[in-house]
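**Q** Based on these hints, arrange chain B on the given structure of chain A.
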Amino acid sequence: MDGAPKSIRTDGLSLMGLNRTFKVEGRDIVALNNVSLECEPGSFTALIGPSGCGKSTLLRIIAGLEHPDRGTVLIGGSRPLEKCRQGALGVAFQDAALLPWRTVRHNIALPLQVLGRSLSEQTSRIEQLIELVGLKGFEDARPAQLSGGMRQRVAIARTLVTEPSVLLLDEPFGALDQILRRSMNLELQRIWLESRATTVLVTHGIDEALFLADRIVVMQRNPGRIACIIEVPFARPRRPELFAAREFHGLEDEVANQLFGAGGA
Amino acid sequence: MKAHWTLVLRVGLVLLAWEICGDFRLIAHGALPSPSDIVLQWWQDREVYPPHIAATLWPASIGFLLGNAIAIAAAIAFILAPTLERLMRGFNVAVFAIPPIAISPLLVITLPGIWPQITLAAISVYFPTMVMTLLGLRDVDPRPIAVIRSYGGGDFAVLRWLRLRSCLPGMMGGLRVAAPAAILGAILAEFGSGSRWGLGSFLLGSLGRGKPARIWGIGLAATAMAALAYALCALLAKRYTASAGSVTIAAGVAVEAPRHSGGRRLQELALSCAALVIPFIIWWAVLAGFRVSPVIARGPLAVLSYLTSGPEAADARGAILQALGQSLPWAGIGLVIALAVALLLAILGVLWRGVTTALMPVSLVLQTMPLVALTPIVVLLFGRGIATTLVVTVVVTFFPAFITIAQGLSQAPKPALDLLDVYGATRIQKLRFVSFPSCVPHVCAAARLVAPAALLGVMIAEWLATGYGLGNLLNEARGELDYGMIWAVAFVAIAVSVCFYQLVRLIETRLLKAFAPMAGA
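In order, the protein sequences belong to chains A and B.
Residue numbers for the first sequence follow this note's numbering, beginning at 1 and rising by one.
Residue numbers for the second sequence follow this note's numbering, beginning at 1001 and rising by one.
In short, the hints are calculated from the structure, not lab data.
All C-beta atoms in this analysis are idealised placements derived from N, C-alpha and C, irrespective of residue type, glycine included.
Careful, some of the hints might be misleading.
With a straight-line Cα cutoff of 25 Å, these simulated SDA-like cross-link-like pairs (lysine to any residue) come out [what the hints assert, rightly or not]:
{"no.": "1", "chain 1": "B", "residue 1": "K1513", "chain 2": "A", "residue 2": "F22"}
{"no.": "2", "chain 1": "B", "residue 1": "K1238", "chain 2": "B", "residue 2": "A1224"}
{"no.": "3", "chain 1": "A", "residue 1": "K23", "chain 2": "B", "residue 2": "L1269"}
{"no.": "4", "chain 1": "B", "residue 1": "K1414", "chain 2": "A", "residue 2": "S147"}
{"no.": "5", "chain 1": "A", "residue 1": "K23", "chain 2": "B", "residue 2": "D1139"}
{"no.": "6", "chain 1": "B", "residue 1": "K1414", "chain 2": "A", "residue 2": "F22"}
{"no.": "7", "chain 1": "B", "residue 1": "K1238", "chain 2": "A", "residue 2": "F22"}
Here chain A is said to cover these stretches of chain B; the calculated rule only asks that three of the stretch's residues, wherever they fall, bring their Cβ under 8 Å from a Cβ of chain A [unchecked claim]:
{"no.": "8", "region": "1146 to 1152"}
{"no.": "9", "region": "1155 to 1169"}
One chain only, chain A, in its complex shape:
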C-alpha cells in the first residue's frame, strides 16, 4: 500500500471538566457531568456505554458540532473550531451521510471543497483513498447504487481525505450486520495503522471496542459520566483470531461487568 495516507502530525486530545445539560419538556437531562479525558497523540480510544450516557454528545463536542455548558476541549492545544477549519478532524457517523447526487469520487472530495482547497492537486490522493477502502471501479457510482458497507467505506475515505490528525467515529458500523462489521473492523485497523491519527470511536459493541482500541472508556448515564477506563494490552496488528482468544473473552467479561454492574440498568 505505497503512498497510503499518512498524517503529517498527530494531535493529542484533552477534555477538561465538560458539562452539558439538555432541557427536555422542562426537565434537565444531564448528558455530561464533569467529564475529563486525555488521549495521547496517535492513540485509539473507544467510548462505550448505554444509550443516553452522553457518548455521542461527547464526540459532537470534540468535533465542535456542539458546545459544552462548562469545560474546555483542546485538540493539539487548539480549540475544536480552529482545528475544524484546518481540516484536522475527520468525522464519520452511523449513517454514511453521503450526498445522493454526488459520485463516490465527488463525495470524498466534499471536505476539500468546503475547506476551499484545490481539487486538482488532490485527484491522485482521492484515487488512492478509493483504493485504500477497496472501492476501485466504483469511482463514478452514486450512493444509491452502493451497498450499506460500501457507502460506509466511502464515508471512511471521506474522513481521511484531509489527512486529519484526529479521527472521530460515531458508531460508523452501527447500521451494518455482524459479518460485514467484523471485516470493516479489520479494514479500519489497517487504515488506522497507516494513518496513526488520534482516534475516538463511539460504539455499542464490546468486541469491536476491544479489537480496535488501546483503551476502553466505559460511560454511565443519569448523569452521563465516565465510570472507568480499561486498558487493552493486545499487540498490533491484531488478527481476526483474537476474537476467539481466551484473554479477549476475559476482558470482554470485565467490560460487560463494568457496563451492567455499575449502572444497575
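**A** Positioned in the frame of chain A, the structure of chain B alone reads:
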C-alpha cells in the same frame, strides 16, 4: 402496447358520446357544443388566435421569470435569516391569499401597458415557488450538515454545497405549479383592462355572443397553454426528482418556521406585530415608489378613511357588507362540499383503487385548467344563478383538495399497515386505525391551500355571471371608475381571505396536536 389501445379506445368513446350529445343538443339546450363544432370554430377563428395567445403568453412568461426570481431569492434570504422569514410571514400569507381577480382592476388602473398582466402573473407564481423552494432548502438531511460543519463550514457553505442542490426537486415542483398559475394570472389581469388582445379579453368579448363553440374553444386553448407550461416544467423537473406527478404545493406547514426554544414572549409579540404591519408598509411603499396619482392609487390610510370617515363611508360600508353577506356563505359552503367530496372520494380510492386511478389524471388536468376559462362553460351549462357560483367554487377547490388528500392517504405508514395485516385487519379497519388518522394533516393542509381559491371561485362567478356579491361590486366599481370602492373591495377581499386562511390554520394547529404528535419533532 395493450394499455395504449385501451386508452385510445376509451378516449374515442368519450369523444363519440360528446359528439352525439353536441350534435343533438342533448345537454342544456346546446350549451355543450360537439367536438367537431369546436374544431370548426377554431378553424374559423384561426386568424385571431395567434395574436390573442401571444398577448397572453408574453406577459405571462415575463411575470413567470420575474416572480420566480424574486421567490427563489426570497427563499434563500429566508433560510439564511430566519428572522426575516418571520417578519415577512404576513406578507407571504397575504400574497398567497390574494384573490387575483380582486387586485386585477387595481393593477389595471395603476400600472401602464402590459405591466398589470406581468405583475399579476408574478404575484401568482411567487407563493408556490417560494414555499416549495424554502421547504427544499430547509428539509435537508442533517447528517451531511454535520459533515460540512466539522470542516468549519458556516451557513453559506451548507447553502452552497448542500441546500442549493437538495432543494432542486422542491423548487422544480414549485415551478411546475407556478407555470399554469402565471398564465391564469395574465388572463385575469386582462379582465377590465380594455385591452383588445389576449385570451381573457377574447373570452370576455365572446360571452354574450351566443357562440358556445367559441367559448369552449377559448377555454380549451387556455387549458392547453397552461397544460403545456406545466408539462414543460414537469419535464425539467423530472431530471431532478424521482416523484413527479404532484401538482399541489407541499402539504407541510412550510410557512411556519420552526419555533425557537426560549420563551421570549415579548420578542415574539414584537415580531408578530411587525409581520402584521409590514404588508401595509409594502403597499404604501410601492405606491409611493411608483409615484401613482393619489386620485387613482389609495394607500392603506386612504382606504381606511374611505371606509370610516369619508363622505360615502356609510354607503360604502353598507355595500361591501351586503356583498360580503352574499359571497362568503357560498365560499364557505363550496369549500366544505369540495373538501367533503374530496375526502369521500379519496377514501373510496383506498378501498377500490379504480376510483383513484380514474380520478387522478382528470384531477391533474383540471388543476391546470385556468378557472376563468371554465366559468363561462359552467354558465352555459348551469345558467346564471347560485348553482353556477357553487359549481365553480366546488370545481376550483375540489381537485387540489382531492390530490392532497389522496397523497396523504397513500402515504400511510407502511409498517403500521403491516402490523395490522399481521392481525388480519380488514381494509376498513386499516383505513380507520391507520390511513385516516395519518392523513388528517393532509386534510388540514388541503383546506388551508384551497380556502383562498374558494373565495376566488365565488368572485369570478359573480363577476362573470351571477351579478351578486363582492365580484359584482368590484366589476361595477371598475365600470364606474369608483377608485375608492375598487381599493376598498380589493382590501376587504384580501383581508377576508387572510382571515379565512388563519382560521383554517388555527383549527389545523389544534388537530395536528392530536393527530401528528411527531410533526413538531
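**Q** Take the region 1155 to 1169 of chain B, compare each residue's beta carbon with every beta carbon of chain A, and decide whether three or more fall closer than 8 Å.
**A** holds (count 5)
**Q** Holds or violated: K1414 (chain B) and F22 (chain A), Cα atoms, limit 25 Å.
**A** violated, 33 Å
**Q** Do the alpha carbons of K23 (chain A) and D1139 (chain B) lie within 25 Å of each other, as the hint requires?
**A** Satisfied, since the Cα-Cα distance of roughly 24 Å is no more than 25 Å.
**Q** Assess, step by step, whether the Cα of K1238 (chain B) is no farther than 25 Å from the Cα of F22 (chain A), and give holds or violated.
**A** Judged against 25 Å, a Cα distance of about 43 Å means the pair is violated.
**Q** Are the Cα positions of K23 (chain A) and L1269 (chain B) separated by 25 Å at most?
**A** holds, 24 Å
**Q** Given the proposed pairing of K1414 (chain B) with S147 (chain A), does the C-alpha separation stay at or below 25 Å?
**A** Within the cut-off at roughly 23 Å; holds.
**Q** Quick check: do three or more residues in the region 1146 to 1152 of chain B have a beta carbon closer than 8 Å to a beta carbon of chain A?
**A** holds (count 7)
**Q** When you check the alpha-carbon spacing of K1513 (chain B) and F22 (chain A), does it fall within 25 Å?
**A** holds, 23 Å
**Q** Hinted pair, alpha-carbon criterion (25 Å max): K1238 (chain B), A1224 (chain B). Please report holds or violated.
**A** holds, 20 Å
In this structure, the earlier hints numbered 6, 7 are contradicted, and the remaining ones agree with it.
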